[in-house]
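All chains should be built: construct the whole structure from the sequences, respecting the hints.
Protein chains in written order, with the working numbering: chain A, -16 to 299; chain B, 83 to 522; chain C, 832 to 1081.
No incorrect hints appear here.
Example chain B residues on the side facing chain A (calculated, C-beta under 7 Å, incomplete):
id	residue
1	L221
2	G222
3	P403
Because the hints were derived from the structure by calculation, they are not lab data. Think of the CB as a built atom: it goes at the ideal place given N, C-alpha and C, for glycine as much as any other residue.
Letter by letter, the chains look like this.
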Amino acid sequence: MLELVIISTLNGVLYGMLLFLMASGLTLIFSMMGVLNFAHASFYMLGAFFGFQISQWLGFWPAFIVAPVLVGAIGALVERYGLRNVHRHGHVAELLFTFGLAFVIEELVQMIWGKVPVDYRVPPSLDFSAFTVFTTTYPAYKMFELLTAIAIFAVLLAVLTKTRVGLIIQAALTHPNMVAMLGHNVPRVFMLVFGVGTGLAAVAGVIAGPAFVTQSNMAAVLGPILFVVIVVGGLGSLSGAFVASLLIGLVQTFAVSVNFSISDLFAGMGYTPAAGTILHDLWEVTVAQIAPIIPYLMLVLILIFRPTGLLGKRET
Amino acid sequence: MTDTAKIGARTAQPADWLGMARRYGAWLLLAAAFAVLPKIFASGTAHTMMSLMGIMIVFALSYNMLLGETGLLSFGHAVYYGLGGFLAVHAMNTLAHDALPVPVFLIPLVGGFSGLVFGIVFGSVSTRRGGTAFAMISLGLGELVASSSLILRSFFGGEEGFSTNRTKLFRVFDLSFGPQLQVYYLIAAWCLISMIAMYALTRTPFGRMCNAVRDNPERAQFVGYNPYTVRFIAFCLAGLFAGIAGGLAAINFELVNASVVGAGQSGTVLLAAYIGGIGNFIGPVIGAVLVTYLQVMLSDVTEIWQLYFGLLFIGMVMFAPGGIAGLIFMHEPLWHAGAYRVLFGRLIPAYLLALLPGLTALLGLILVIEMTFRLMVKASEGTGMSFFGVPLDAAAPVPWIAAAVLLVGGFYLFRRTWPLIADAWQAAHGEVQQARRRAA
Amino acid sequence: MNPAIELVDLRKNFGPTEIIRGVSLTIPLGERHAMIGPNGAGKSTLFNLISGRLTPTAGGIRFKGEDITGHKPYEINRRGLSRSFQVTNIFPRLSVWENIRCAVLWSLGYRYSFWHGINALADVRQRTEQILEEIHLADRRRIQAGVLTYAEQRALEIGITIAGGAEIILLDEPTAGMSHAETEDAVALIRKISAGRTLMMIEHDMGVVFDLADRISVLVYGQIIACDEPAKIKADPAVQQAYLGTAVAA
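Printed below as a string of structure tokens:
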């Protein structure tokens, strides 16, 4: 039991970290530019597929460096030549542009790599078990993922708080017009933030690809969860995104291992609802089976009790 | 004193026969067109496609009640469409099983009722926020319902869904509604009713306040309106009509499964409404017709038609955010001012001149995409393909060079025609200004 | 008789910053009251508090004797208080006619009706016509509000404010950015629409203030340092020092 708790906590934190890798970039872009990048999960997917393809040609470690940079560059180009032109039509148009982008990226990925999962594997150098918790071995690759995520956050925090660019970004987060009037090239900062944000999502993809499945529906599966994370955390709040990522990561991971249902609760009472009714479905479903929709249930709860999100301050 | 007399004179409305004929005449014309269309396009495929268009028109118009009228961008509107369909199927099966005297043409009411109820339930939490937050919430709720389909198997029927038989319901005038033509008329009738109802809604105090809340929700508060209430009512009514569309779909396909509430279906109606134009009532109608046509026809021509769809959508967002209807109505001031000479003499010829190189460039682009597709995905099946009837080898350099010439050359010439269009518009503006001065 | 507006030790903080620090003010019904003061004094913030756009940190606001502290803007508006905005806050994509029409609907009782055909409602049409005439925009009625000239938009702004027939009108710098001629027109309009109503006005144009106001309050750093008739305010040395400058044109 304790073993299960420890393993689930590790996995949950890992999942949460990956979510935050994406949610942080998304929040930075949203806070700064006011546009919610609907295609953010698509850049995650591109990271995974580029990582796969490059590791086929050059090996995992070159892919680890090259893929996120490549995807970040694509992101910067998208901002420069696409998003910037749509900006004048308003936020709805920007959101729709990124929606169309997500659509097209999914089609392109399907076109190039097909619909079945690709064989993106853990590199042999990391394919061992790091340690053992009671009877279960914990793979080193997952530790690598965790350490990479933490390292990236440390670097990001340092850049944001200790460098000049970081200060400008922090200022432009809340007062882009003012920053522009102080002579800083705000459009260039936007391009940088968009490129870095999407690059972060790509990093998550590169490292998550081997552990989870790399398939052309990745973005469609993870995208909604990502947006739930930022709504639950509070639109525009980095700390909220952090808390929500961890929360959802842990809750979903723990839920998957719980094979408990309402019928187990009332097992001794001898009552079962008639088969073929909704009540029966709800009675028999296990917590593990509803794990995929737990984020959405949390969304509904937050909306009812705290519409601005856990740590949110912005009213859109 | 004189002021009030002047006001009185201006607002007194004698029987405005021309105005009335214009207003109601359009609907009568539409009804006549609906009635006559299946005679003009008499094939079975045509009847099927027109039925699909009818369903999509209702769905897209209901979507525009949210987006175009109230400024609410929803990524999960298919929930109300799909749940309407599910309830309709269950109702049809129950009615047939218990042999109750309810004819099939009343089933869309079941769909509508379902859409309304779920609209109220989900709308109460969704519409508390507007803008981006609302969009994300609609996405999350859509996923919630779509994912629930695997849990609530008794309602959603798991992966296979539920089927039904529309001919098994109570018959009035011996109409079985088995043949597609009869289904078409059923759909056309409901489509007309829904269109009239949704149009009428825009002409009410509530409808006007939807526009006000869309434009400036804050100011709407300071004239006495609660934006949340306005959005909530709009949401419920949009759900109602989406449910009607879902009911029509249930009758047409005699099958529902979880895909009707899914993100794909929500995305399709968004695309249809937007491409058609969200700023005009007729926009979603155009979009629905076009998208249905492309969906049915293009999927036979190329496997990657969805990609073209997405590219078209992005193109519209970037260059024509008003959609097709927006592009057409851009010329309305010219028509209104009577500037026919400029319109037909300079502007439209300029468009036609630009169309030729534009289409050429487009052709080049499509060729590149199709050849890439063949090389990347279908290489195992050989690199030979047929492009608009012309056989070619995607691995050979010649087609690539040809594509490059078409694309680059076509685009270059296309850009050269832009000054012509700009000049024509300048002249048009001049004419409109003149007409306004003459009228003033 | 209850005063139109009563502010009782009103306070508003934004984080640690105190913007409004204890404002108490009573405005009787029918008065034309001007609020002046240097930039940053908190005048617009005060308007935002009264109209419900912001919630006070402490203190109370009473409207005709009823407590409206913390009420939503639409609740306050429905009771009969209407305000204009310093930065023009109209419905840009609607026509001038539609802008005014939206502002008359609630007061005529139509609420969220989706069962009335709006073009058939004679009272809506008449009232909208009337307002359009008053603000001299009747022949611009079909123009989209977003493309009007600045002065026309300011007129429309006032039009939207008065369209609902509110008894108490708050105008936030109505003549800002106007030329001399436009200001004269605006003053005439304000005088006409405030007949029989209570008016509260933020203004920087001293000519307008002394022309229209029955009483003037001077707000400096979130506190009222003086509140009296125009002549006495002009002569008050504290006001002169804080705002008018020591050499005041008579």
